[in-house]
Amino acid sequence: MQFELNYRPSHSLATAHLEPGETLRAEASAMVSMTRNLEVHTSFRGRPGAGFMQSLKRGFLGGESFFTNTFTAVSGKGHVSLAPKLCGDMVVHELTSSHELFIQGSGYVAAPDSVELDTRWQGFKGFLSGESLFFLRALGQGPVLINALGALETIDLDGELILDTGHLVAFTTGLEYEITKASAGWIDSFLSGEGFVLRIWGRGRLYVQSRNPAEYGKTLGHKLPARQQ
Amino acid sequence: MKYEIEGSPDYGLLRVTLEAPGEQVVAESGAMVAMDSQVEIQTSARGGFLSAAKRKILGGESIFQNTFIAKAAGQNVWLAPAPEGDLRAIELARGETFFLQSGAYVAHLGADLKLDTKWAGVKGFFSGVGLFLLKVEGPGTVFFGGYGALHPVAVGPEGYTADTGHIVAFSAGLDYSLRSFGGMKGLFLSGEGLIADFGGHGTIYLQTRDPRLLADFLHPFRPVSSSD
Numbered sequence: 000m001q002f003e004l005n006y007r008p009s010h011s012l013a014t015a016h017l018e019p020g021e022t023l024r025a026e027a028s029a030m031v032s033m034t035r036n037l038e039v040h041t042s043f044r045g046r047p048g049a050g051f052m053q054s055l056k057r058g059f060l061g062g063e064s065f066f067t068n069t070f071t072a073v074s075g076k077g078h079v080s081l082a083p084k085l086c087g088d089m090v091v092h093e094l095t096s097s098h099e100l101f102i103q104g105s106g107y108v109a110a111p112d113s114v115e116l117d118t119r120w121q122g123f124k125g126f127l128s129g130e131s132l133f134f135l136r137a138l139g140q141g142p143v144l145i146n147a148l149g150a151l152e153t154i155d156l157d158g159e160l161i162l163d164t165g166h167l168v169a170f171t172t173g174l175e176y177e178i179t180k181a182s183a184g185w186i187d188s189f190l191s192g193e194g195f196v197l198r199i200w201g202r203g204r205l206y207v208q209s210r211n212p213a214e215y216g217k218t219l220g221h222k223l224p225a226r227q228q
Numbered sequence: 000m001k002y003e004i005e006g007s008p009d010y011g012l013l014r015v016t017l018e019a020p021g022e023q024v025v026a027e028s029g030a031m032v033a034m035d036s037q038v039e040i041q042t043s044a045r046g047g048f049l050s051a052a053k054r055k056i057l058g059g060e061s062i063f064q065n066t067f068i069a070k071a072a073g074q075n076v077w078l079a080p081a082p083e084g085d086l087r088a089i090e091l092a093r094g095e096t097f098f099l100q101s102g103a104y105v106a107h108l109g110a111d112l113k114l115d116t117k118w119a120g121v122k123g124f125f126s127g128v129g130l131f132l133l134k135v136e137g138p139g140t141v142f143f144g145g146y147g148a149l150h151p152v153a154v155g156p157e158g159y160t161a162d163t164g165h166i167v168a169f170s171a172g173l174d175y176s177l178r179s180f181g182g183m184k185g186l187f188l189s190g191e192g193l194i195a196d197f198g199g200h201g202t203i204y205l206q207t208r209d210p211r212l213l214a215d216f217l218h219p220f221r222p223v224s225s226s227d
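Those protein sequence lines, which keep their order, are chains B and U. So for the first sequence, numbering that gives the first Met the number 0 puts the first residue at 0; every next one is plus one. So for the second sequence, numbering that gives the first Met the number 0 puts the first residue at 0; every next one is plus one.
Certain hints may be false.
Derived CB-CB ranges, DEER-like [said to hold, decoys possible]: (1) B:K222 <-> U:S7: 25 to 35 Å; (2) B:R35 <-> U:S7: 24 to 34 Å; (3) U:S176 <-> B:E93: 35 to 45 Å; (4) U:A33 <-> B:T153: 55 to 65 Å; (5) U:A92 <-> B:N5: 36 to 46 Å; (6) B:H98 <-> U:S176: 22 to 32 Å; (7) B:E214 <-> U:A153: 50 to 60 Å; (8) B:H98 <-> U:E95: 53 to 63 Å.
Keep in mind that the hints were calculated from the coordinates and are not lab data. C-beta atoms are modelled at their ideal positions from N, C-alpha and C, and glycine is treated no differently.
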């Protein structure tokens, strides 16, 4: 399976070219267009332990889809074109058996079925930062399509980095992380507007988005008329 | 009369140069960015008020359109679509038709160009998706915009399928049928989940972002009404 990327970085469009028999899994809202020789299945991607309504609510608030569409080329070659919800870039991470990729909830777009997605909660269960730090764990082999709000920076880290939680898109195994406060004191951390940050260290690859979805949503959403509860 | 499109694909901007006095360009209300000083604007409900009202109600176009008329030689008018994204021109021969999704129309050249709203069918109507189409018939040049890049797809005998939220325009010679897609997807994402299966022969223009998904993203960030 090959991904072709066009119109980068602001309004990127990815086209997944499928060989006969190949299968692609994509977020439900990501499909833009496709050839007519594909068989499509929709499945609900709940989280273990989370009820349907709970997953639904989290999905709405976290900007994640909970439906996955599966596209299989049943007769001859085919393609599916894909786009994320918001403006920004997409890149393909080549996953191999030597490492895994942790993708922040709304950063994932699509991957072939040779890549397994584990939707367990990772890390910060019940954390009070207000930002959901939910990661999909991708393992297996094949290209994984990820997206960013804004530009996508690739950082090959060998050392340590402090990163705003809202700017993290994905990172590979080999990196470890902890959540920490941005400044020395809790009050300074709060006042700085940086709140909680990630301290990431080790050796591996890191994908960072140039805009923070929560800040973007607040900036625009607060200017909209009030909604009912 | 000549034109140039700059800033593609992210922020398409159209410059029309009216080379001789009396030459004109017609544009959607609100599309003007700037113009030279020897240009007169006439505002009209093009095609008569009822026809314009039909376009407004069914096609999402403004009732009023502005005609920019040069009073001197070499006058420029700069025009832009509302969303961030690309702008394209299609030159139509006499009798040649082209379909635009509601809201995609930006401007046109040619006094004989016809604009009419076409009902897209029962399914489009009841779904609330607004698959009303503006039918454009040549001769003339029509300019249209979209949210994101405008991605052309040539459709041949094997057909093609596209999400209705991404369809901006398509050429005559294509026919389509609508169906729901992605199972329960349509239940939760505001009117989403309708796709169009195209047959025939022609070109579809897709916008690489769907404005409804931006609206869905922003919805939870809206302030919550405290009354009732």
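Quiz item: What are the numbers of the hints that this structure violates, sorted from low to high?
Solution: 4, 5, 6 and 7
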